[in-house]
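Protein sequences, first through last, are from chains F and X. First residue of the first sequence: 4, per our numbering; consecutive thereafter. First residue of the second sequence: 137, per our numbering; consecutive thereafter.
The set of hints was computed from the structure by calculation and includes no laboratory data. Treat the hints with care, as some may be off.
Said to hold, decoys possible - With a cut-off of at most 20 Å between alpha-carbon atoms, the simulated DMTMM-like pairs for lysine to aspartate or glutamate come out as follows:
1. Lys74/F / Glu269/X
2. Lys205/X / Asp221/F
3. Lys165/F / Glu118/F
4. Lys74/F / Asp260/X
5. Lys248/F / Asp211/F
6. Lys239/F / Asp223/X
7. Lys247/F / Asp223/X
What the hints assert, rightly or not - Derived coverage of chain F by chain X (criterion: at least 3 residues anywhere in the stretch with Cβ under 8 Å from a Cβ of chain X; other residues may be distant):
8. 40–47
9. 68–81
10. 185–193
11. 212–220
12. 231–237
13. 243–250
Unchecked claim - Now the in silico label distances, taken between C-beta atoms and shown as ranges:
14. Gln167/X / Asn83/F: 33 to 41 Å
15. Asp315/X / Pro171/F: 31 to 39 Å
16. Glu169/F / Asp223/X: 34 to 42 Å
17. Phe282/X / Lys248/F: 30 to 38 Å
18. Glu169/F / Asp301/X: 41 to 49 Å
19. Ile181/X / Pro79/F: 45 to 53 Å
20. Ala265/X / Ala70/F: 36 to 44 Å
21. Pro171/F / Tyr176/X: 50 to 58 Å
These numbers were taken from a predicted model, which means no experiment stands behind them. Virtual Cβ for every residue (Gly too), placed ideally from N, Cα, C.
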Amino acid sequence: MKMRLTAFVTILVISICAMFYSCTKEATSSSASAGKGGSLTRFTIAGSFLYAVDNNYLYAYSLNNPAKPEKVYTSPVGMNIETIYPYNKYLFLGTQTGLFIYSIDTPAKPLLIGEARHARSCDPVVANDSVSFVTLKSSGCGPAVSGLYVYDINSITKPVLKKTVELPDPVGLGLQDSILYVCCGNAGLKVFNVKSPFLPNLISIKTDGNFVDVIPYDGLLICFVQDGIILYDITKPATPVLVKKIAN
Amino acid sequence: MKYVLLFFAVIFLYSCWEPFKKNYPNQAPLQKVWGSKPVYAAENIAKQIIYTAQKQPLKKAGNIYAFGKFIFQIDVGRGIHVIDNADPAKADRIGFITVNGCEQISIRGAYLYANSFADLVTLDIANPANLREVSRIPNAFPQFRFNYPFVQPEEKGYFTCPRTDSVVIGWVKDSIYSDCYKN
Chain F
4 MKMRLTAFVT ILVISICAMF YSCTKEATSS SASAGKGGSL TRFTIAGSFL YAVDNNYLYA
64 YSLNNPAKPE KVYTSPVGMN IETIYPYNKY LFLGTQTGLF IYSIDTPAKP LLIGEARHAR
124 SCDPVVANDS VSFVTLKSSG CGPAVSGLYV YDINSITKPV LKKTVELPDP VGLGLQDSIL
184 YVCCGNAGLK VFNVKSPFLP NLISIKTDGN FVDVIPYDGL LICFVQDGII LYDITKPATP
244 VLVKKIAN
Chain X
137 MKYVLLFFAV IFLYSCWEPF KKNYPNQAPL QKVWGSKPVY AAENIAKQII YTAQKQPLKK
197 AGNIYAFGKF IFQIDVGRGI HVIDNADPAK ADRIGFITVN GCEQISIRGA YLYANSFADL
257 VTLDIANPAN LREVSRIPNA FPQFRFNYPF VQPEEKGYFT CPRTDSVVIG WVKDSIYSDC
317 YKN
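So here's chain X without its partners, still in its complex pose:
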């Protein structure tokens, strides 16, 4: 009896594999369309923390955080703008911390905590000239992994389904094959 069941189980499972053997002869080829194409970076480069002591343009405004005479504003997915607020009437951006995949921030003492994709990173901000990453907890927030700002392009329409073995750090418009679509 056992062997009869096993036999049918194997037949049944085999039928599941069947579709993968076909070369999808009936499926129409993907069309060339105007859409969004991912910009990839190697993970170790995408996760580099860099401080630029120079005002940078804001691309997509995100969360704000007040700390002493400074205001920090997230540039969604790109990093953190540093704003000198010593004299509010003259407050302005003075620098930018590149933290790709970043959306959240909190500060205590000399340390800034932020997410970089799904990781929790700790930055020592005591001395801007020597601003650096002091620790990183990989995959601290597993759900951010598929939920970080550049997982999908901002615009609706066709986009190239991103590869899962690389990090997306932006999107550009191009002529692409119509494989993914954002409503």
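Looking at chain F on its own, in the form it has when it is part of the complex:
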């Protein structure tokens, strides 16, 4: 009910406001020979380095000899890191206290260049050239308001919170072109048009499972649901079509 109200208000706001276009390039991940993970992961490969986070540390492993990773970097980041997301020359770290942005221009020496603090919560991240999307889940994590938080990262060293969309306990999220998929557990997979990224527009909700995380991959949306995997065809990103469910 609350959700519908939020959606309604969002749509209303959009219809009143003049639309402005912002370039949102397709989010591609790292190098050609690596695969693609979801937004809840603690491991990611960019170029020939494996980056990993445990609760408090960021690690970089060189894959120069791919059969034998070699640790080249360790750095304390802060409290309760939860996720790592690579985009271009950056790593976005979702932590319970905020969003941290590292430059990996020098891959073996990640450099903290920006951060945005928020109230305690859980938060995966996805990003493109100018915007980063963060979901905050407060239940069991902290007092922050659960929802989708949109940051302007045109100035990458100073992320600016531009928009908050209240959602019930959102988890993982994925970006394909100007469509953002947000997993909201049993409340479904919420599909947002983010052509105007600071005015996300809810266009549909998929309720085929208990959604935890997604990977947009080669025209396919791979969803991690509580009982397995659901695949959607997203050749038209705004209208996912159910292809297959692989459950227990």
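Starting from the structure of chain F, add chain X where the hints point.
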């Protein structure tokens, strides 16, 4: 003066040891309750990587990873399901890599990187029939040591405090003594 201080320091420290000499006569004995009991494995067995070229049931869905025509899904704490996605309409699990204590995965080229408890393991996945561990960095992520999926049972309630000299690879329900409790 020094010796006087030392004397008092020794007296003071001795008073700290005192409680350990007692046999806790006043503490009530632990009750028998219905709760979770750890399943242990020797470390070298718990850390064995085994590939089974057969569909396995999913117990607890975890992270997903897309790589070429395959999808990998973690079975939290147990291993990695391999899903053939060559034809998405017919996609299905085709095999399972046993990696106890596993939660994270990433792949590049012919190598899969995953955590096994606190270790970072590298698996050569070029040929499934010969899938094997090619290297392991022990304790690469020290914080996973006390934070891996089976450190505590999933259910709330009483459980047997696990021993620290063995690896927990699962939990079963049993009649136990009420020594640990999960809220």
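Structure-based check of all given hints:
no.	hint	verdict
1	Lys74/F / Glu269/X	holds, 18 Å
2	Lys205/X / Asp221/F	holds, 10 Å
3	Lys165/F / Glu118/F	holds, 15 Å
4	Lys74/F / Asp260/X	holds, 19 Å
5	Lys248/F / Asp211/F	holds, 9 Å
6	Lys239/F / Asp223/X	holds, 18 Å
7	Lys247/F / Asp223/X	holds, 10 Å
8	40–47	holds (count 7)
9	68–81	holds (count 5)
10	185–193	violated (count 0)
11	212–220	holds (count 4)
12	231–237	holds (count 4)
13	243–250	holds (count 4)
14	Gln167/X / Asn83/F: 33 to 41 Å	holds, 35 Å
15	Asp315/X / Pro171/F: 31 to 39 Å	holds, 37 Å
16	Glu169/F / Asp223/X: 34 to 42 Å	holds, 40 Å
17	Phe282/X / Lys248/F: 30 to 38 Å	holds, 36 Å
18	Glu169/F / Asp301/X: 41 to 49 Å	holds, 48 Å
19	Ile181/X / Pro79/F: 45 to 53 Å	violated, 34 Å
20	Ala265/X / Ala70/F: 36 to 44 Å	violated, 18 Å
21	Pro171/F / Tyr176/X: 50 to 58 Å	violated, 39 Å
This entry does not satisfy hints 10, 19, 20 and 21, going by the numbered hints stated previously.
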